[in-house]
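Protein chains: 2
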Amino acid sequence: MRPVDDGAGLARRDWPEGAAFIADFGEHLTGYLSFRAVPVNSVADSPIRLRLTFGEVPTDVAEPLYPYSGWISAAWLPEEIVTVDDLPAVFRVARRHAFRYVKVEVLAASRRFGVRFEAMTAHAVTSARTEPSPLPDAYPEWIRRVDLVAQRTLRDCLQTAFEDGPRRDRRLWVGDLRLQALASYVTLRADDVVKRCLYLFAGLPRSDGLVNGCVYERPEPTYGDTTTLDYAALFCVTLQEYVAATGDLACGRELWPVARRQVDCLLARLDDTLLFHDSGETWCFIDWAFGLDKSAATHGVIVFTLRRMLALADVLDCAEEVAHYGPLVDGMSAAARAQLFDASRGVYTSGPEQQVSCAAQAWIVLAGIPESRDIAQAALRNALADPAALRPITPYAYHYIAEAMLACGMDGEALELVRSYWGAMLDAGADTFWEAFDPADPLASPYGDIHANSYCHAWSCSPAWLFRARGLGRPAGEAA
Amino acid sequence: MRPVDDGAGLARRDWPEGAAFIADFGEHLTGYLSFRAVPVNSVADSPIRLRLTFGEVPTDVAEPLYPYSGWISAAWLPEEIVTVDDLPAVFRVARRHAFRYVKVEVLAASRRFGVRFEAMTAHAVTSARTEPSPLPDAYPEWIRRVDLVAQRTLRDCLQTAFEDGPRRDRRLWVGDLRLQALASYVTLRADDVVKRCLYLFAGLPRSDGLVNGCVYERPEPTYGDTTTLDYAALFCVTLQEYVAATGDLACGRELWPVARRQVDCLLARLDDTLLFHDSGETWCFIDWAFGLDKSAATHGVIVFTLRRMLALADVLDCAEEVAHYGPLVDGMSAAARAQLFDASRGVYTSGPEQQVSCAAQAWIVLAGIPESRDIAQAALRNALADPAALRPITPYAYHYIAEAMLACGMDGEALELVRSYWGAMLDAGADTFWEAFDPADPLASPYGDIHANSYCHAWSCSPAWLFRARGLGRPAGEAA
Numbered sequence: 197m198r199p200v201d202d203g204a205g206l207a208r209r210d211w212p213e214g215a216a217f218i219a220d221f222g223e224h225l226t227g228y229l230s231f232r233a234v235p236v237n238s239v240a241d242s243p244i245r246l247r248l249t250f251g252e253v254p255t256d257v258a259e260p261l262y263p264y265s266g267w268i269s270a271a272w273l274p275e276e277i278v279t280v281d282d283l284p285a286v287f288r289v290a291r292r293h294a295f296r297y298v299k300v301e302v303l304a305a306s307r308r309f310g311v312r313f314e315a316m317t318a319h320a321v322t323s324a325r326t327e328p329s330p331l332p333d334a335y336p337e338w339i340r341r342v343d344l345v346a347q348r349t350l351r352d353c354l355q356t357a358f359e360d361g362p363r364r365d366r367r368l369w370v371g372d373l374r375l376q377a378l379a380s381y382v383t384l385r386a387d388d389v390v391k392r393c394l395y396l397f398a399g400l401p402r403s404d405g406l407v408n409g410c411v412y413e414r415p416e417p418t419y420g421d422t423t424t425l426d427y428a429a430l431f432c433v434t435l436q437e438y439v440a441a442t443g444d445l446a447c448g449r450e451l452w453p454v455a456r457r458q459v460d461c462l463l464a465r466l467d468d469t470l471l472f473h474d475s476g477e478t479w480c481f482i483d484w485a486f487g488l489d490k491s492a493a494t495h496g497v498i499v500f501t502l503r504r505m506l507a508l509a510d511v512l513d514c515a516e517e518v519a520h521y522g523p524l525v526d527g528m529s530a531a532a533r534a535q536l537f538d539a540s541r542g543v544y545t546s547g548p549e550q551q552v553s554c555a556a557q558a559w560i561v562l563a564g565i566p567e568s569r570d571i572a573q574a575a576l577r578n579a580l581a582d583p584a585a586l587r588p589i590t591p592y593a594y595h596y597i598a599e600a601m602l603a604c605g606m607d608g609e610a611l612e613l614v615r616s617y618w619g620a621m622l623d624a625g626a627d628t629f630w631e632a633f634d635p636a637d638p639l640a641s642p643y644g645d646i647h648a649n650s651y652c653h654a655w656s657c658s659p660a661w662l663f664r665a666r667g668l669g670r671p672a673g674e675a676a
Numbered sequence: 197m198r199p200v201d202d203g204a205g206l207a208r209r210d211w212p213e214g215a216a217f218i219a220d221f222g223e224h225l226t227g228y229l230s231f232r233a234v235p236v237n238s239v240a241d242s243p244i245r246l247r248l249t250f251g252e253v254p255t256d257v258a259e260p261l262y263p264y265s266g267w268i269s270a271a272w273l274p275e276e277i278v279t280v281d282d283l284p285a286v287f288r289v290a291r292r293h294a295f296r297y298v299k300v301e302v303l304a305a306s307r308r309f310g311v312r313f314e315a316m317t318a319h320a321v322t323s324a325r326t327e328p329s330p331l332p333d334a335y336p337e338w339i340r341r342v343d344l345v346a347q348r349t350l351r352d353c354l355q356t357a358f359e360d361g362p363r364r365d366r367r368l369w370v371g372d373l374r375l376q377a378l379a380s381y382v383t384l385r386a387d388d389v390v391k392r393c394l395y396l397f398a399g400l401p402r403s404d405g406l407v408n409g410c411v412y413e414r415p416e417p418t419y420g421d422t423t424t425l426d427y428a429a430l431f432c433v434t435l436q437e438y439v440a441a442t443g444d445l446a447c448g449r450e451l452w453p454v455a456r457r458q459v460d461c462l463l464a465r466l467d468d469t470l471l472f473h474d475s476g477e478t479w480c481f482i483d484w485a486f487g488l489d490k491s492a493a494t495h496g497v498i499v500f501t502l503r504r505m506l507a508l509a510d511v512l513d514c515a516e517e518v519a520h521y522g523p524l525v526d527g528m529s530a531a532a533r534a535q536l537f538d539a540s541r542g543v544y545t546s547g548p549e550q551q552v553s554c555a556a557q558a559w560i561v562l563a564g565i566p567e568s569r570d571i572a573q574a575a576l577r578n579a580l581a582d583p584a585a586l587r588p589i590t591p592y593a594y595h596y597i598a599e600a601m602l603a604c605g606m607d608g609e610a611l612e613l614v615r616s617y618w619g620a621m622l623d624a625g626a627d628t629f630w631e632a633f634d635p636a637d638p639l640a641s642p643y644g645d646i647h648a649n650s651y652c653h654a655w656s657c658s659p660a661w662l663f664r665a666r667g668l669g670r671p672a673g674e675a676a
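Line by line, the protein sequences are chains A and B.
Each residue of the first sequence is one higher than the last, beginning at 197 in our numbering.
Each residue of the second sequence is one higher than the last, beginning at 197 in our numbering.
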């Protein structure tokens with residue numbers, strides 16, 4: 197990228213039909229673009245037609261968006277073709293975009309005038325009440341940068357609900373919500389939005405009572421006909437953490453039946469030995485990695501959830517109601533140890549092919565299934581060291597590896613994981629953290645075309661929580 | 197064109213990505229399109245992107261607009277690429293269009309749903325207070341149709357000012373205004389808009405006092421840096437006719453100095469023999485016909501204008517102020533007879549090449565220059581019969597041939613001209629009359645691409661005036 201002028205300079209240039217430039221707003225934001233288009237050298241004797249391409253990252257604006265090879269709709273591609281009448285005119289792009297860069301191409305204008313773009317302005321929108329504030333100077337610089345970028349990611353996804361990505365899908369997903377809520381409790385404190393999101397899920401279950409994996413807020417709250425079993429479990433976890441973070445017992449009590457219903461639905465899917473198998477009937481997400489077997493990881497999610505439900509029941513004074521969860525935790529843990537642990541390789545396997553994946557180890561560890569901390573640490577280390585083990589491709593799953601590492605005392609390795617994964621995004625120029633990132637293949641996309649990727653995706657904002665709530669990377673002498 | 201369903205049927209179909217249909221609103225209109233886009237078979241998990249092409253005539257929507265070969269800006273091409281979020285949604289196209297047909301192409305949508313278009317609605321806008329009403333049944337059917345289509349043309353151009361064409365240029369031009377005003381006095385009676393337009397021109401002269409050929413109303417009234425000498429003259433004619441039609445002497449008096457200034461500027465351009473020569477320094481329009489020499493025609497326009505100024509001065513009680521115009525009419529007429537008349541061919545010629553054109557005969561006749569009615573009639577007949585004579589390509593110039601014919605008693609030939617020219621547009625399927633039409637080459641364009649043509653262009657609405665005010669085609673026994 198070669199800067200050719202500053203912002204004030206833009207308003208001194210004019211552009212004929214066929215010309216193009218890229219405006220760099222210096223920082224990622226979610227919002228609206230406006231400008232004043234002014235004809236130069238003549239009264240405007242025609243409208244102008246522009247193509248505006250909104251870039252979260254340079255590849256969005258430096259490469260053509262077409263031909264598009266993705267398998268999700270090209271309607272997501274971040275461009276607008278607009279025609280502006282009656283120049284000089286202030287034009288505000290009606291649709292919200294997520295961007296740092298805007299490529300402006302003058303597709304058509306009369307040859308009698310050039311177009312000057314004045315007051316090119318990005319109007320950022322967020323529900324965050326405050327701007328991100330950095331960690332103390334005592335933290336290493338890279339940590340402070342990861343933390344700030346994580347907070348900006350959260351800020352730009354924090355709208356009337358926690359969106360997964362402000363470019364795409366602009367929806368509220370349970371899995372993303374948990375990580376956003378955690379980061380929010382220690383940074384932007386949008387507790388009210390967390391609460392709103394919990395009610396959106398609770399109010400839009402499917403007929404069997406499972407909350408949907410995602411809900412749409414607009415044009416009116418609607419469930420997304422996508423149910424995700426691990427996400428349904430995480431609804432309970434998110435509620436427990438919300439009550440813990442805010443003390444909002446009334447909300448906890450009101451939504452308690454919804455949380456219980458998730459657990460009941462999940463427990464009904466266990467086999468006679470109390471093991472969960474991904475039948476494919478209802479989606480388990482865990483990660484986008486191709487070929488991932490999700491049975492073991494989802495088993496871990498359910499146990500993790502049962503423990504949190506017990507904790508929530510204590511706070512809500514209804515422990516007797518779920519007294520049977522305790523023995524289920526033990527039974528499910530024993531089943532996993534007996535059937536999933538491969539003692540010879542020191543890892544937990546998943547599915548009939550006995551697949552080894554990093555995600556499965558993470559959830560098994562977070563569920564407290566390993567008999568000892570050593571076994572837990574070894575499982576994580578063995579999977580990460582095994583070139584044949586399935587590695588995740590999303591920050592979402594990387595988060596759970598880091599969270600699992602912290603849960604079993606691998607703080608140094610957790611920090612190194614964050615440095616090598618989130619830090620690598622920073623090194624690649626990230627202003628906000630991305631939906632998907634495979635360090636081994638940075639141009640990969642889960643959707644078949646990187647222009648369909650979301651480069652500000654809230655499930656990647658969790659390092660702010662890891663640093664602040666879990667003490668990751670905290671310098672000696674720094675207060676918790 | 198093959199109708200596949202009626203309007204109600206549209207709302208029963210749905211269209212996947214890649215599909216397209218053409219909606220026919222049955223009549224040309226100027227206005228806004230809206231519809232409700234509804235996802236079918238699934239909640240909408242993506243936006244949709246549509247290309248909307250607005251057709252005044254079938255070629256607009258039946259042929260691709262690109263590649264575009266016109267020399268005026270492609271920004272005029274009547275299409276919108278719009279992206280609609282959060283379905284189901286009501287979408288209203290922000291820009292005004294002129295159309296009967298709308299081609300809807302679903303450029304992109306998620307494969308999970310089809311798009312149903314409900315309540316596809318055209319919201320027509322006009323300043324006309326009433327709908328066109330037809331001529332009495334006693335008139336021949338073709339005349340009644342030409343009259344009605346002329347009125348619809350006027351209605352759709354009649355906005356906050358008289359636009360030349362609601363698709364393009366959407367501007368107020370003096371030449372168009374005169375014909376629109378005349379048609380309006382005998383049909384839709386938008387006298388207030390005529391008055392407003394006169395003041396717009398009067399208020400936006402160039403520095404020497406000549407009114408501009410066109411003015412822009414938006415974003416604020418601005419002159420169009422295009423001065424047209426014959427149009428400047430017609431400002432006076434339009435004012436005279438406005439006062440005659442409305443009796444609004446106050447307006448006549450207030451704008452009288454502006455009209456006088458036009459005449460003074462024009463007279464200053466005569467040579468010592470009182471003949472006008474088109475120096476090319478300031479544009480004369482007359483017609484779009486390629487190669488047209490405009491000196492003789494513009495000379496006729498000026499004499500025609502002087503006569504109307506004398507008439508206006510009488511009404512305004514200021515005849516003495518322009519007493520010198522009378523001798524100038526005589527002198528300019530004599531100069532034209534002496535220098536432009538080719539007695540051997542019985543036509544008036546124009547310019548150093550002694551070009552013979554139909555437009556020149558028309559204006560010379562309208563100016564009352566020929567010594568007798570026979571000479572006038574012969575000049576028009578000779579030019580029209582001469583295959584080498586330059587023929588016009590716009591309804592504007594054809595109007596003046598018809599008006600000239602009526603002025604010298606060629607009523608039957610005037611009617612036949614209207615039948616063969618405007619009637620041919622009807623035969624070609626016109627819902628409104630066109631900016632340009634060469635019966636010998638119906639797909640011709642003054643702009644190098646028929647998709648740049650305007651197919652509702654107000655300077656073609658004058659037959660309504662010819663029929664109603666000038667008695668053209670009036671059946672025996674029909675009241676004037």
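Bear in mind the hints are in silico, worked out from the structure with no lab data behind them.
Incorrect hints may appear among the rest.
Pairs count within a copy or across copies, as identical chains cannot be separated in the list.
[To be verified] Straight-line C-alpha distance at most 25 Å; calculated SDA-like pairs for lysine to any residue:
1. 299 <-> 326
2. 391 <-> 460
3. 299 <-> 247
Problem set entry | Alpha-carbon proximity context of residue 299 and residue 326, limit 25 Å | Close neither inside one copy (29 Å) nor across copies (47 Å); limit 25 Å.
For this session: Could you figure out if residue 391 and residue 460 sit no more than 25 Å apart (CA to CA) within one copy, between two copies, both or neither?
Result: within (23 Å within a copy, 78 Å between copies)
Exercise. Is it within a copy, between copies, both, or neither that the alpha carbon of residue 299 lies no farther than 25 Å from that of residue 247?
Worked result: Classified as both; 8 Å inside a copy, 21 Å across copies.
Going down the numbered hints, you'll see the structure goes against just number 1.
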